[in-house]
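Engineer: Respectively, the protein sequence lines represent chains H and C.
Residue numbering for the first sequence follows this note's numbering, starting at 1 and increasing by one per position.
Residue numbering for the second sequence follows this note's numbering, starting at 245 and increasing by one per position.
Bear in mind the hints are in silico, worked out from the structure with no lab data behind them.
It is possible that part of the hints are untrue.
Stated by the list, open to error - Restraint-style ranges between C-beta atoms, simulated for each label pair:
{"no.": "1", "chain 1": "C", "residue 1": "Thr252", "chain 2": "H", "residue 2": "Glu229", "range": "42 to 48 Å"}
{"no.": "2", "chain 1": "C", "residue 1": "Phe542", "chain 2": "H", "residue 2": "Pro165", "range": "41 to 47 Å"}
{"no.": "3", "chain 1": "C", "residue 1": "Leu553", "chain 2": "H", "residue 2": "Asp199", "range": "52 to 58 Å"}
{"no.": "4", "chain 1": "H", "residue 1": "Gly136", "chain 2": "C", "residue 2": "Phe273", "range": "43 to 49 Å"}
{"no.": "5", "chain 1": "C", "residue 1": "Thr479", "chain 2": "H", "residue 2": "Ile19", "range": "29 to 35 Å"}
{"no.": "6", "chain 1": "C", "residue 1": "Arg629", "chain 2": "H", "residue 2": "Asp109", "range": "28 to 34 Å"}
{"no.": "7", "chain 1": "H", "residue 1": "Arg131", "chain 2": "C", "residue 2": "Leu583", "range": "37 to 43 Å"}
{"no.": "8", "chain 1": "H", "residue 1": "Asn26", "chain 2": "C", "residue 2": "Arg629", "range": "25 to 31 Å"}
{"no.": "9", "chain 1": "C", "residue 1": "Met245", "chain 2": "H", "residue 2": "Gly136", "range": "38 to 44 Å"}
Said to hold, decoys possible - Heads up, incomplete: computed chain C residues facing chain H, CB under 8 Å, no partners named:
{"no.": "10", "residue": "Gln467"}
{"no.": "11", "residue": "Thr469"}
{"no.": "12", "residue": "Glu471"}
{"no.": "13", "residue": "Arg472"}
{"no.": "14", "residue": "Leu473"}
{"no.": "15", "residue": "Ala474"}
{"no.": "16", "residue": "Ala475"}
{"no.": "17", "residue": "Thr479"}
To be verified - Below, a list of computed lysine to aspartate or glutamate pairs in the DMTMM-like style, where the Cα atoms sit at most 20 Å apart:
{"no.": "18", "chain 1": "H", "residue 1": "Lys73", "chain 2": "C", "residue 2": "Glu482"}
{"no.": "19", "chain 1": "C", "residue 1": "Lys599", "chain 2": "C", "residue 2": "Glu432"}
{"no.": "20", "chain 1": "C", "residue 1": "Lys599", "chain 2": "C", "residue 2": "Glu337"}
{"no.": "21", "chain 1": "C", "residue 1": "Lys599", "chain 2": "C", "residue 2": "Glu511"}
{"no.": "22", "chain 1": "H", "residue 1": "Lys107", "chain 2": "C", "residue 2": "Glu482"}
{"no.": "23", "chain 1": "H", "residue 1": "Lys73", "chain 2": "C", "residue 2": "Glu631"}
{"no.": "24", "chain 1": "H", "residue 1": "Lys208", "chain 2": "H", "residue 2": "Glu229"}
{"no.": "25", "chain 1": "H", "residue 1": "Lys73", "chain 2": "C", "residue 2": "Glu471"}
{"no.": "26", "chain 1": "C", "residue 1": "Lys599", "chain 2": "C", "residue 2": "Glu433"}
{"no.": "27", "chain 1": "H", "residue 1": "Lys217", "chain 2": "H", "residue 2": "Glu33"}
In this text, all values refer to a predicted model and were calculated from it rather than measured experimentally.
Cβ atoms here follow ideal geometry from the backbone N, Cα and C, with glycine treated the same way.
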Amino acid sequence: MTTDAILETNELHKHFGSIHAVDGLNLSVGCGEIYGLIGPNGSGKTTLIRLLIGLLRPTSGSIRLLGEVVPNKAILAQVGYMTQASALYEDLTVCENIAFFAEMCGKHDRAWIDEVIELVDLQDRSRSLVRALSGGLRQRTSLACALAHRPRLLLLDEPTVGVDPQLRATFWSYFRRLAETGVTLIVSSHVMDEAERCDRLGFMRQGKLLAEGSAAKLRSQTGTSTLEEAFLHFAAGSVKGDLR
Amino acid sequence: MSSRRVLTLARRVMRQVLRDRRTAALLVFGPMLILTLGAILFRSKPAAIPLGVVNEDQGLTSPVMGAVVLGQRITDELAASDAFAVVALSRHEVDDRLRDGTVQGVIVFSEDFTAHFLENRQAVLDLRLEGSNPARSMAITARVTEAAMRTLASLAGTGFGVPGAPQVREGEAALPVSVQATYLFGGEEFDTIDFVAPVYIALLAMFFVFLLACVAFLRERSQGTMERLAATPATRVEIVLGYMLGLGLFALIQVAVILFFTVWVLEIHYLGSLGLLFLVIALLAVVGVNLGILASAFARNEFQVLQFLPLVIFPQILLGGTFWAVSDLPGYLQPFAYLMPLYYANRALRDVMLKGWGLVEIWPNLAILIGIAGVLIVMSALMMRREVA
Numbered sequence: 001m002t003t004d005a006i007l008e009t010n011e012l013h014k015h016f017g018s019i020h021a022v023d024g025l026n027l028s029v030g031c032g033e034i035y036g037l038i039g040p041n042g043s044g045k046t047t048l049i050r051l052l053i054g055l056l057r058p059t060s061g062s063i064r065l066l067g068e069v070v071p072n073k074a075i076l077a078q079v080g081y082m083t084q085a086s087a088l089y090e091d092l093t094v095c096e097n098i099a100f101f102a103e104m105c106g107k108h109d110r111a112w113i114d115e116v117i118e119l120v121d122l123q124d125r126s127r128s129l130v131r132a133l134s135g136g137l138r139q140r141t142s143l144a145c146a147l148a149h150r151p152r153l154l155l156l157d158e159p160t161v162g163v164d165p166q167l168r169a170t171f172w173s174y175f176r177r178l179a180e181t182g183v184t185l186i187v188s189s190h191v192m193d194e195a196e197r198c199d200r201l202g203f204m205r206q207g208k209l210l211a212e213g214s215a216a217k218l219r220s221q222t223g224t225s226t227l228e229e230a231f232l233h234f235a236a237g238s239v240k241g242d243l244r
Numbered sequence: 245m246s247s248r249r250v251l252t253l254a255r256r257v258m259r260q261v262l263r264d265r266r267t268a269a270l271l272v273f274g275p276m277l278i279l280t281l282g283a284i285l286f287r288s289k290p291a292a293i294p295l296g297v298v299n300e301d302q303g304l305t306s307p308v309m310g311a312v313v314l315g316q317r318i319t320d321e322l323a324a325s326d327a328f329a330v331v332a333l334s335r336h337e338v339d340d341r342l343r344d345g346t347v348q349g350v351i352v353f354s355e356d357f358t359a360h361f362l363e364n365r366q367a368v369l370d371l372r373l374e375g376s377n378p379a380r381s382m383a384i385t386a387r388v389t390e391a392a393m394r395t396l397a398s399l400a401g402t403g404f405g406v407p408g409a410p411q412v413r414e415g416e417a418a419l420p421v422s423v424q425a426t427y428l429f430g431g432e433e434f435d436t437i438d439f440v441a442p443v444y445i446a447l448l449a450m451f452f453v454f455l456l457a458c459v460a461f462l463r464e465r466s467q468g469t470m471e472r473l474a475a476t477p478a479t480r481v482e483i484v485l486g487y488m489l490g491l492g493l494f495a496l497i498q499v500a501v502i503l504f505f506t507v508w509v510l511e512i513h514y515l516g517s518l519g520l521l522f523l524v525i526a527l528l529a530v531v532g533v534n535l536g537i538l539a540s541a542f543a544r545n546e547f548q549v550l551q552f553l554p555l556v557i558f559p560q561i562l563l564g565g566t567f568w569a570v571s572d573l574p575g576y577l578q579p580f581a582y583l584m585p586l587y588y589a590n591r592a593l594r595d596v597m598l599k600g601w602g603l604v605e606i607w608p609n610l611a612i613l614i615g616i617a618g619v620l621i622v623m624s625a626l627m628m629r630r631e632v633a
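One chain only, chain H, in its complex shape (with noise of 0.2 Å):
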């Protein structure tokens, strides 16, 4: 485990009753990486999100994010999060939101917003109120809200559901530019394409990690030519490892 990381868990497990949404994982994030949590719907991915910034608290297990231990309010400064659902004021306008979020986290850099707002190429709608906009747009504001405050630490779940397959292209282009300027991200995703574009994917299955790597390695690790298959594969034999 590299003592740079910027993200680490360990042996991390959250239980909502009998149900082990977070099953004992040991995570660790470099600077500039994107990480990609992949896995189906309930696998967890979620519930690890919040964990990781602090929005609940692990059943047992320990996390350090940017160097400090979780729960920490003043790391959260340096750490952009983008959820599932877009959460915008809707009586605002795209560019009030963005610039709430920016100064809750102490920072209010117009030029850099303005920036932002170009990147998610919202500038024709910058003054329009978050109510009268459509998914995908909600979707792009959101992002730049994640963005606001020139984050170290992206977490983004699931940031290109309802997302349109050329503005995703330009997400993504996004990410790798960001990963570039030093910024690390972990992103959740159950479409496979994207995790395609990441640097590293962890396969996430019933709150475990079933297989941790690039996509080439995941691929030849299981001599299967699509992430899909290479998937299925893991997903396989982790029920057969249930059976036994």
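Dock chain C against chain H, hints included.
Structural biologist: Frame of chain H; chain C shown alone:
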């Protein structure tokens, strides 16, 4: 037109209402609670009004009846009625006792009261009233006049007092009793709206921010922004304070407009300091915001917010001393009144607006309001523990 579709739709609507059990229950029990409170209040007999009597009357000796002290007889008559709890006072205590509210009126019988009556055939009652509650003042005046009339009537035919009809001079009232009332606060020109207006202003301010805070917090949860807020460095206390400041400002603007309207357009009497008035309202707004945040935890939608009206707002109106004095409430309801923030605001505002009192006099009520606000801030911050670390 298909009756089947109509029935299907009706069934779905009913199913939804029944699924929201609390709404269904409150639709039935909420009105019952309010009506019960109302019935208790309307039927409750007002408590005996504490009435001071300064009796310096020397009386006179009549050949038939011996010594007669008219002041004493009226005092006895007053003491015998349920309406008053009579307290004997000396002249120098009068203003202090009226001021601190331990008596609400004082009758002063001067030493020549009986003599004066015999001479003029007219009893002139010197009544000193606290005066801030006009309805109360009128009740005291009427009851005291009645008691004096009964006393004089009981003396009729005894050779003392009124042998026949009282001498009626041109242009003078036929009644043998007249009341000369003086007021410590307010005066005859004060009416019920003067008494109710301060409370009405307080109530509006609190009610307004309560609803705003409750709905705003509810939205914060339902649209997911509370989760986003929790993922920023913002602490619970910062969030509560932000809401208080933001909404409290609107409450003050609202009050400023209402106050302007009531004082200059409706010509409500207004004596005290404007700054103090706004301080009380600001405290009440803080209370309202935090009550709203607390209540929002128990509501799933805006409709359910309305359900808090019978539980949070109406009891405050009914029990907080708005229309019924707390001392008139049945004993088992009085402790509830002391739990109502509105009760303390009512007292402070009336003291400021009707009596022109300052910080020195109203600070106990302010201190309690500050205490309640503090407790509520802590409670609403704790309530958010679930979502904001």
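Engineer: Could you run down the list of hints and mark each one as holding or not?
Structural biologist: For each hint, the structure was consulted:
For Thr252/C and Glu229/H, the Cβ-Cβ distance of about 47 Å falls inside the hinted range of 42 to 48 Å, so the restraint holds. In this structure the supplied range 41 to 47 Å holds for Phe542/C paired with Pro165/H, their Cβ-Cβ distance being about 44 Å. Separated by about 56 Å at the C-beta atoms, Leu553/C and Asp199/H satisfy the suggested range of 52 to 58 Å. Judged by the Cβ atoms, the range 43 to 49 Å given for Gly136/H and Phe273/C holds: they are separated by roughly 46 Å.
Taking 29 to 35 Å as the suggested C-beta distance range, the pair Thr479/C and Ile19/H conforms, at roughly 30 Å. Against the hinted window of 28 to 34 Å, the Cβ-Cβ separation of Arg629/C and Asp109/H comes to about 32 Å, which satisfies the hint. Against the hinted window of 37 to 43 Å, the Cβ-Cβ separation of Arg131/H and Leu583/C comes to about 40 Å, which satisfies the hint. The given range of 25 to 31 Å is respected by Asn26/H and Arg629/C, whose C-beta atoms sit roughly 29 Å from each other.
Range check, Met245/C to Gly136/H: Cβ separation about 40 Å, and the 38 to 44 Å hint holds. At about 6 Å, the closest approach between the beta carbon of Gln467/C and any beta carbon in chain H falls short of 8 Å, and the interface hint on this residue holds. Because the beta carbon of Thr469/C sits about 5 Å from the nearest beta carbon in chain H, less than 8 Å, this interface hint is met. The interface hint given for Glu471/C is met, as the beta carbon of that residue sits about 6 Å from the closest beta carbon of chain H, less than 8 Å.
Residue-level restraint check for Arg472/C holds (minimum Cβ-Cβ distance to chain H is 4 Å; threshold 8 Å). Contact between Leu473/C and chain H, as hinted, is supported at the beta carbon level, the nearest pair being about 7 Å apart and thus within 8 Å. With a cut of 8 Å, the hint placing Ala474/C at the interface with chain H holds, because the nearest CB-to-CB distance is about 6 Å. Because the beta carbon of Ala475/C sits about 4 Å from the nearest beta carbon in chain H, less than 8 Å, this interface hint is met.
Checking Thr479/C against chain H by beta carbon gives a least distance of about 6 Å; that is within 8 Å, so the hint holds. For the hint linking Lys73/H to Glu482/C, the alpha-carbon distance of about 12 Å falls within 20 Å, and the restraint holds. In summary, the hint linking Lys599/C to Glu432/C is supported, as the alpha carbons are separated by about 14 Å, within the 20 Å threshold. Straight-line distance between C-alpha atoms of Lys599/C and Glu337/C comes to about 19 Å, which keeps the hinted pair within the 20 Å bound.
Only pairs whose Cα atoms come within 20 Å are accepted, and Lys599/C paired with Glu511/C is accepted, the gap being roughly 16 Å. Restraint check: the Cα-Cα separation between Lys107/H and Glu482/C comes to about 17 Å, which is no more than 20 Å; the hinted pair holds. Only pairs whose Cα atoms come within 20 Å are accepted, and Lys73/H paired with Glu631/C is accepted, the gap being roughly 13 Å. For the hint pairing Lys208/H with Glu229/H, the CA-to-CA distance comes to about 18 Å; that is within 20 Å, so the pair holds.
In summary, the hint linking Lys73/H to Glu471/C is supported, as the alpha carbons are separated by about 14 Å, within the 20 Å threshold. The straight-line distance between the Cα atoms of Lys599/C and Glu433/C is roughly 14 Å, inside the 20 Å bound, and the hint therefore holds. Note on Lys217/H and Glu33/H: the hinted pairing holds, with a Cα-Cα distance of about 16 Å set against a maximum of 20 Å.
Taken one by one, the earlier hints all hold for this structure without exception.
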